[in-house]
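Go ahead and model the full structure; you've got the sequences and the hints to work with.
From first to last, the protein sequence lines are chains A and B.
Taking my numbering, the leading residue of the first sequence gets 20, the next gets one more, and so forth.
Taking my numbering, the leading residue of the second sequence gets 20, the next gets one more, and so forth.
Heads up, some of the hints might be wrong.
Identical chains blur together in the list; that is why a pair holds if it fits in one copy or across any two.
Unchecked claim - The calculated DMTMM-like cross-link candidates involving lysine to aspartate or glutamate, where the alpha carbons are at most 25 Å apart (straight line), are:
| # | residue 1 | residue 2 |
| --- | --- | --- |
| 1 | K105 | E91 |
| 2 | K105 | D117 |
| 3 | K122 | D63 |
| 4 | K105 | D35 |
| 5 | K105 | E37 |
Treat the hints as calculated values from the structure; they're not laboratory data.
Number of protein chains: 2
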Amino acid sequence: MTSLGRHLLIDYHGCDRELITDTAFVRKVLLEAATRAGATIVTDVFHTFNPHGVSGVVVIAESHLAVHTWPEHGSVAVDVFSCGTKMRPEVIEAFLKDVFRAKTSFVRELERGSAPC
Amino acid sequence: MTSLGRHLLIDYHGCDRELITDTAFVRKVLLEAATRAGATIVTDVFHTFNPHGVSGVVVIAESHLAVHTWPEHGSVAVDVFSCGTKMRPEVIEAFLKDVFRAKTSFVRELERGSAPC
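Rendered as structure tokens:
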């Protein structure tokens with residue numbers, strides 16, 4: 020069957036630990052990433068963990084973006100789940116690598132909604 | 020390096036189309052799935068699309084659950100991203116298959132936060 024969505028799973032390492040501790044910053048750049056990719060933002064929710072770490076989700080008309088940061092490891096995980104052909108999710112990986120000042124990124128792409136072969 | 024999280028990607032097909040159109044129902048069962056898996060719920064956001072379809076996210080202390088439904092295809096995609104050893108994300112797949120009355124489910128599990136080999 021036809022795939023219903025594309026799912027990019029991105030893991031960043033060697034990020035700036037102060038930046039990825041800052042919930043307002045992480046929210047700002049995730050919203051900007053969604054806009055750069057051509058997504059239509061519906062709503063968002065971000066949470067700051069104690070002692071540190073940020074989790075956030077941006078619900079978009081095309082599905083969602085999610086982020087989790089681990090300042091103690093300098094690591095960030097980002098998911099970009101998108102439906103339709105309007106969005107360009109691939110622009111997000113390089114943009115966030117730059118703003119998080121990540122040394123490396125590891126990207127996987129999966130089809131969603133498709134049955135096993 | 021050690022993995023920072025487990026990510027279950029579940030795709031259901033042949034679901035009850037009325038049930039997966041009902042945002043209140045989808046929210047209720049996602050919250051129950053989180054509780055059954057031993058997660059600590061932080062907040063949630065659900066959105067109903069026009070003409071139909073539901074997107075929702077439950078932010079948990081252990082990371083997040085996300086759901087997207089396509090009533091026109093009878094399909095549902097669920098993500099369970101969890102950190103730590105307290106949660107039992109594997110109980111979610113069977114529970115949601117039952118409540119969505121899915122004919123089939125397709126599960127993939129990925130490690131997150133780990134670098135490429």
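> Given identical chains, is K105 near E37, meaning Cα to Cα at most 25 Å, within a copy, between copies, both, or neither?
Replying inline: Close neither inside one copy (34 Å) nor across copies (28 Å); limit 25 Å.
>> Regarding K122 and D63, is the shortest C-alpha distance of 25 Å or less found within a copy, between copies, in both, or in neither?
In response: Neither: 27 Å inside a chain and 32 Å across chains, both beyond 25 Å.
>> My question is about K105 and D117: at a cut-off of 25 Å on alpha-carbon distance, are they close within one copy, between copies, both, or neither?
In response: within (24 Å within a copy, 34 Å between copies)
> Between copies, within a copy, both or neither: which fits K105 and E91 at Cα up to 25 Å?
Replying inline: between (36 Å within a copy, 20 Å between copies)
> For K105 vs D35, is the C-alpha pair at or below 25 Å within one copy, between two copies, both, or neither?
Replying inline: neither (32 Å within a copy, 28 Å between copies)
The structure fails to meet hints 3, 4, 5 from the earlier list, while all remaining hints are met.
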